[in-house]
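Enquirer: Please take these sequences and the hints and turn them into a complete structure.
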Amino acid sequence: MAQTHFHNIKSKSVEIFSILSAIIIWQLIAVYWVKNSFFLPSFTDVTFAFFTVVTKQDDFFLFSRDIQLPVLVVDLLYSLLHFWIGLLSALIVGIPIGMTMGWFKIVNRILDPLIEIIRPIPPLAWIPFAIIWIGLNPMGAGFVIFIGALFPIVINTYTGFKGVPKVYVEAAKVLGCNRNIELMRYVALPSSLPSIAAGIRIAMGVGWMCLVAAEMFGVSRNGLGFKIWNHYYHHSMDFVLVYMLILGFLGLFIDRVLRYYLEARLLKWRAGVMA
Amino acid sequence: MRNVSLSNISRRFVKEDGTHMVALDDVSLEIDDAEFVCFLGPSGCGKTTLLRIISGLDQPDEGAVFLHNEKITGPGPKRGMVFQEYSLFPWKSVMENVIFGPLMSGMKKKDALKEAEIYLELVGLEQFKDSFPHELSGGMKQRVAIARALANEPEVLLMDEPFGALDAQTRNVLQGELLQIWEKKRITVLFVTHSVDEAVFLADRIVMMSSRPGKIKTIIDVNIPRPRGRTSLDVNVLRDEILQILSEDKEK
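Heads up: the protein sequence lines correspond to chains A and B, in order. Just so we're aligned, residue 1 is where the first sequence starts under the numbering used here, counting upward by one. Just so we're aligned, residue 1 is where the second sequence starts under the numbering used here, counting upward by one.
Treat the hints as calculated values from the structure; they're not laboratory data. Do not take every clue at face value.
Unchecked claim - Derived DSS-like pairs: lysine-lysine, alpha-carbon spacing no greater than 27 Å straight-line: (1) A/105 x B/15; (2) B/129 x A/166; (3) B/92 x A/162; (4) B/71 x A/166.
Said to hold, decoys possible - Reference excerpt, derived from the structure (chain A facing chain B, CB under 10 Å, subset only): (5) 26; (6) 167; (7) 171; (8) 175; (9) 176; (10) 178; (11) 182; (12) 190; (13) 191; (14) 193; (15) 201.
Unchecked claim - Non-contacting residues of chain A with respect to chain B, defined by C-beta distances greater than 10 Å in every case (computed): (16) 24; (17) 25; (18) 44; (19) 51; (20) 54; (21) 100; (22) 115; (23) 119; (24) 174; (25) 187; (26) 213; (27) 237; (28) 251; (29) 257.
As the structure is a prediction and not an experimental result, all values here were calculated from the model. Glycine included, each C-beta is placed from N, C-alpha and C at the ideal position.
Expert: Okay, here's the thing in C-alpha cells:
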C-alpha cells in the first residue's frame, strides 16, 4: 500500500516539481522584488490568512438555529447553497423544456425565437432584477446562477432529444412502446444522457462564474465571492487571494467529481459508442 | 389459415421538387401461417417500404394490411421486427434489451426475466446477458435483436436485411440458426433481402419485386426439401432461374 503511494508520487514527480517551483518563485518575487503585500501577497501571507479563516469562528444560521463554524466553512456553505439553488432549479426547468423542444417540433418553433433573444444577455445583466424581484438573499443569488446554468442545459437536452437515432425509436415502437411519453422516458432520455451530462458540466462552469459575480455584486451578504469583495474593501489582499484559490480548487473538485460520477457510473455504455 | 393479407397497397413519396415517386403500386399478397417468405429485388423496389407498412411504421396511401383479419393501423408487439442497422439500445444490457418488450406490455419483471432466459438460450447467448451491446460482435448483436423480437411472442417476424452488415461466414451461421428457430417456434417470417443465395436457402416462397414502380413481378415456390444444401443441383438451378429474371429486369 505504502509502496504504491510512493510509486504514484514518483510517477508524478514532474507535476509536483512544477507546482513547488511555482510557489517558490512566487514567494521570492513577492518578498524580494515587489516587497508590498498589498500589491502581491506572498505565499506565506496567504498561508497565514488561510489559517485565520479556518480557525476563526462565525455564525451560520440553519433553520433559525445559530451554529458556530469556521469562517471559511460558513462562506463555503453559503456559496454552495446559492450554487445548488441555481443549478437545481435550472435542471428542473431546463431539462423538461429541452425535452419537449427536441421531441415536438411545434414546441421548438414556439420557444426557439424567445430563447435565441434571451440567451445572449449575459447572466450578470440580470443582477438588478434579481435584487428587486427576489431580494438580497440566497434565492436572489441563486437566480443569477439559474439564468447562467439554464441555457446550456436547455440547449444540450434539446440537441440530445433531436438527435435520437431513428432506429432506436422505431425499434421501441415495434416492441410496443408507442406513446410519446413512454418513448421520451425509455428511449430519448437515456439516449440523450451523454449530451445532457455535457450540458450540465458546461452549466456548472458557467454557474460557478455567475456565483462569484453575483455574490461580489452584493446579491448576497455571504459566500466566497462576497468575501473577496469585502476583503478588497478592507485592503487585505492576502485574504482576497485565499478566497480566489479556494474558488479555483472548488471548481476543479466539483468538475472532477461530476465527471467521475457521470462517466464511470451513468454512462459506462458510452465506451463503445464513442470508440 | 391466412395470416398476413396485403390488399392493393400503394405508397407514394413526395420528392423535394414536388413530384411523386411511386414506391409501391397496387401490391396484393396472401401469406399463410408459419410460412417463410422472402422479398427479393433490386434496391428501390419498395421491399423495405412494404415491410415497414406491414410493421405499421409506415402507412399505405391506398389499400390495407390485415393480420388475422384485423387491420393494421400502427406498430405493435404482434409483429416483431429485426432491422438491418444495429438497433439494440446501447444503454441497456443484453438482458434489459430482451425484457424491454414484455415489460412494455405489462409483464412483471420476474416473469419477463425468466422468459428472456429462454430466448437468449434459443440464440445461444445466455452467458452474455449482462454484457452491453458495444461488447458484442455484429452477429451477436443481431442474435440478441432476434431474441428481443421473439420475446414479445409475435405472430409475425419481420426482418429487413438483418444479416446485410455481417460477413459471409457469420451470415451463413445465422441463416441456419434462424431456420432452426423458425422450425421450433412455427411463426410467420417475412424476410427482405437482395441476396439470391439467402432467399433460396431460407424461403418457402420468394416474392420477386421490380422497381419504379414497386410491384410484385413473380412469386416463386421453393419446393426444395429442407435441410437444404447451399450448392445442391436443385438450389443452383433455382438460383440460375432467379438471376435470369433479375437480369431481364435490368435490361428493360
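Enquirer: Hints the structure violates: just list their numbers, smallest first.
Expert: 5, 15, 24, 25
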